[in-house]
Amino acid sequence: MTLTAAHCDGCGVSETQGDHGRCRARRAATDPPRFCTACGRKLVVQVLPVGWTARCVRCGDAGVVAR
Amino acid sequence: MTMTQSDVLDVAREQVLERGEGLREEQVLAVLQLPDEALSDALALAHEVRLRWCGPEVEVEGIVSVKTGGCPEDCHFCSQSGRFETPVRAVRLDIPSLVEAARQTAQTGATEFCIVAAVRGPDERLMAQVRDGIKAIRAAVDINVACSLGILTSEQAQELEDMGVHRYNHNLETARSHFAKVVTTHSWEDRWATLQLVREHGMEVCCGAIIGMGESLAQRAELAAQLAALDPDEVPMNFLDPRPGTPLADLPVVEAPDALRAIAAFRLAMPRTVLRFAGGRELTFGDLGARDGVLGGINAIIVGNYLTTLGRDPQEDLDLLAELSMPVKALSETL
Numbered sequence: 001m002t003l004t005a006a007h008c009d010g011c012g013v014s015e016t017q018g019d020h021g022r023c024r025a026r027r028a029a030t031d032p033p034r035f036c037t038a039c040g041r042k043l044v045v046q047v048l049p050v051g052w053t054a055r056c057v058r059c060g061d062a063g064v065v066a067r
Numbered sequence: 068m069t070m071t072q073s074d075v076l077d078v079a080r081e082q083v084l085e086r087g088e089g090l091r092e093e094q095v096l097a098v099l100q101l102p103d104e105a106l107s108d109a110l111a112l113a114h115e116v117r118l119r120w121c122g123p124e125v126e127v128e129g130i131v132s133v134k135t136g137g138c139p140e141d142c143h144f145c146s147q148s149g150r151f152e153t154p155v156r157a158v159r160l161d162i163p164s165l166v167e168a169a170r171q172t173a174q175t176g177a178t179e180f181c182i183v184a185a186v187r188g189p190d191e192r193l194m195a196q197v198r199d200g201i202k203a204i205r206a207a208v209d210i211n212v213a214c215s216l217g218i219l220t221s222e223q224a225q226e227l228e229d230m231g232v233h234r235y236n237h238n239l240e241t242a243r244s245h246f247a248k249v250v251t252t253h254s255w256e257d258r259w260a261t262l263q264l265v266r267e268h269g270m271e272v273c274c275g276a277i278i279g280m281g282e283s284l285a286q287r288a289e290l291a292a293q294l295a296a297l298d299p300d301e302v303p304m305n306f307l308d309p310r311p312g313t314p315l316a317d318l319p320v321v322e323a324p325d326a327l328r329a330i331a332a333f334r335l336a337m338p339r340t341v342l343r344f345a346g347g348r349e350l351t352f353g354d355l356g357a358r359d360g361v362l363g364g365i366n367a368i369i370v371g372n373y374l375t376t377l378g379r380d381p382q383e384d385l386d387l388l389a390e391l392s393m394p395v396k397a398l399s400e401t402l
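Those protein sequence lines, which keep their order, are chains Y and C.
According to the working numbering, the first sequence holds residues 1 to 67 in order.
According to the working numbering, the second sequence holds residues 68 to 402 in order.
Just so you know, these hints were derived from the structure itself, not from any lab.
Hints may be right or wrong, so weigh each one.
[Said to hold, decoys possible] A few chain Y positions that, by computed beta-carbon distances, are all more than 12 Å from chain C:
1) ALA5
2) ALA6
3) SER14
4) GLU15
5) THR16
6) GLN17
7) ALA38
8) GLY60
[Stated by the list, open to error] Stretch by stretch, here's where chain Y covers chain C in the computed footprint (C-beta under 8 Å, at least three residues):
9) 131-138
10) 159-169
11) 359-365
12) 376-388
Please read all numbers here as calculations on a predicted model, not as lab measurements.
We treat Cβ as the ideally placed atom computed from N, Cα and C, and that holds for glycine.
Please take these sequences and the hints and turn them into a complete structure.
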């Protein structure tokens with residue numbers, strides 16, 4: 001079974017609604033995730049010189065990346 | 068005297084390269100208006116000027132946000148303003164994480180580490196956080212500490228100088244004549260006053276620009292002249308990254324040739340300053356931009372990530388500098 005994200009991590013809107021091409025382009029170019037893919041809430045994101053952390057206040061850690 | 072496009076580079080060669088005297092506003096405008104065919108000549112001259120008056124070294128810096136989001140100001144380019152519905156959520160960085168960020172920055176060979184906060188100006192809590200953070204960094208990491216905490220009082224400027232802050236960043240962002248279209252909660256003059264305090268209290272002055280916020284070429288030249296009048300130690304050059312939710316979200320990304328003309332023009336206006344590649348370069352130039360910029364007047368870079376967005380892999384920039392035989396400035400040369 002393949003799990004798919006319920007929400008876009010760039011804008012928080014459901015993946016099944018609208019076009020997320022700009023969100024994906026932004027994520028690929030310069031952005032860490034901004035929204036929780038599980039619940040769609042804004043993530044608490046800390047960008048660091050060589051990485052970033054992201055946390056959803058409801059769902060927990062959404063990612064830790066040390067480049 | 069009106070400066071024509073055709074002769075501005077000849078004049079600049081004698082005035083800036085030979086005598087070290089920066090271009091005036093109308094001359095800067097002529098550079099900004101150069102046709103694409105003349106761009107490589109302008110960049111080559113700017114590079115010669117940089118080598119002549121600054122040397123081959125490149126100053127490397129890392130930055131980090133200790134207080135992200137929730138800012139009361141309305142800077143229209145900024146995703147950290149609490150006045151706009153942007154994806155950025157407020158967060159503060161704890162001291163151990165700040166020290167680790169400084170350590171990671173130093174490992175890239177950087178000599179500068181800038182602590183940044185999204186505020187109008189620092190309150191007691193932030194000043195205490197910065198004081199504790201700088202003390203912890205100094206105990207663990209060999210690097211110059213800079214700060215960017217917004218509008219300062221004279222007492223705060225003195226306190227930062229006492230903490231050992233090497234350089235203070237406060238950008239003018241755009242020309243005085245355009246500022247009210249970009250920020251309404253404080254004035255260009257408020258920013259200028261803080262910059263004067265920074266200098267009066269003995270810190271190095273870092274004051275930059277964001278290119279591409281709807282300003283005209285004449286206003287770009289105006290900003291270069293205003294920065295030159297300030298005579299800052301460093302000028303970070305940012306290119307607008309139109310952030311979702313901000314009033315400038317729908318502005319186009321600056322075209323690479325326009326950005327390169329701005330780099331060359333600002334170098335020719337300020338032959339001796341540290342001219343730093345800062346935010347937005349990844350969008351404006353892509354992977355080729357770093358090379359064009361450092362061969363066109365740039366002599367400093369921010370490595371790694373920015374405050375809320377991601378930059379290039381630091382190693383890619385360091386590899387490029389090595390390939391171009393541009394040594395990274397050592398800490399001993401900055402003290």
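Here is what the structure says about each hint:
no., hint, in the structure
1, ALA5, "holds, 16 Å"
2, ALA6, "holds, 17 Å"
3, SER14, "holds, 16 Å"
4, GLU15, "holds, 16 Å"
5, THR16, "holds, 20 Å"
6, GLN17, "holds, 17 Å"
7, ALA38, "holds, 16 Å"
8, GLY60, "holds, 15 Å"
9, 131-138, "holds (count 3)"
10, 159-169, "holds (count 4)"
11, 359-365, "violated (count 0)"
12, 376-388, "holds (count 5)"
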